[in-house]
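A.B. asks: Here the numbering used here = 1-based position in the sequence shown + 931.
Keep in mind that the hints were calculated from the coordinates and are not lab data.
Please note: incorrect hints may appear among the correct ones.
To be verified - Distance condition first, Cα-Cα at most 20 Å in a straight line; then the derived EDC-like pairs of lysine to aspartate or glutamate:
#1 LYS976 - GLU987
#2 LYS1046 - GLU966
#3 LYS1063 - GLU1047
#4 LYS937 - GLU1056
#5 LYS1046 - ASP1034
#6 LYS955 - GLU1029
#7 LYS977 - GLU987
#8 LYS1031 - GLU948
#9 LYS1017 - GLU1056
#10 LYS940 - GLU1029
#11 LYS1024 - GLU979
#12 LYS1009 - GLU981
#13 LYS1035 - GLU946
#14 LYS940 - GLU1056
#15 LYS1044 - GLU981
#16 LYS1024 - GLU950
#17 LYS940 - ASP1049
#18 LYS1035 - GLU1016
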Amino acid sequence: MTYQFKFQKVLTIKEQEKEEAKLKFEQSLNTFENEATKLYHLLKKKEELEEIQRNELQTGISVQMIRHHQYFLANLMKQIQLQQEKVMKARMKMQYEEQKLLDKNIEVKKFEKMKEKDFANFNYEMDKLESKWLDELTMLQLANRGN
């Protein structure tokens, strides 16, 4: 007699759902990392621009160039703000997908635990049947020796 878990189909479906959740989480993690990297580069660009502007102010710069730097810096600040919003949205999505993955992991673990207990019970019942069968076989052998 072979072991058959009565919820095997459900366990298989839950494992597939877990894998899908894992893929979605990894995608959201990659998106978050990409958006955060873009933000980092914008912030670095801003820092470099401010450093260039400080150096030029010390050596002397025209008013036109100061206006140009300020205009460029203002546009860069807008880009940074938009990128920060994208990073926050990506972080929230990543955290949401992570929670879904954790929930799916818990569901799979519950079914795996049920399977372990069911398999242990199956082995116990099989051992009882085997013991009963051996007892009957022994009784038959004793009866045959007596004849």
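A.B. asks: Indicate, hint by hint, whether the structure satisfies it.
C.D. replies: Structure-based check of all given hints:
no.	hint	in the structure
1	LYS976 - GLU987	holds, 16 Å
2	LYS1046 - GLU966	violated, 42 Å
3	LYS1063 - GLU1047	violated, 24 Å
4	LYS937 - GLU1056	holds, 16 Å
5	LYS1046 - ASP1034	holds, 19 Å
6	LYS955 - GLU1029	holds, 9 Å
7	LYS977 - GLU987	holds, 15 Å
8	LYS1031 - GLU948	holds, 10 Å
9	LYS1017 - GLU1056	violated, 58 Å
10	LYS940 - GLU1029	violated, 25 Å
11	LYS1024 - GLU979	violated, 31 Å
12	LYS1009 - GLU981	holds, 15 Å
13	LYS1035 - GLU946	holds, 8 Å
14	LYS940 - GLU1056	violated, 23 Å
15	LYS1044 - GLU981	violated, 59 Å
16	LYS1024 - GLU950	holds, 17 Å
17	LYS940 - ASP1049	holds, 15 Å
18	LYS1035 - GLU1016	violated, 29 Å
Hint check: violations occur at hints 2, 3, 9, 10, 11, 14, 15 and 18; the rest are consistent with the structure.
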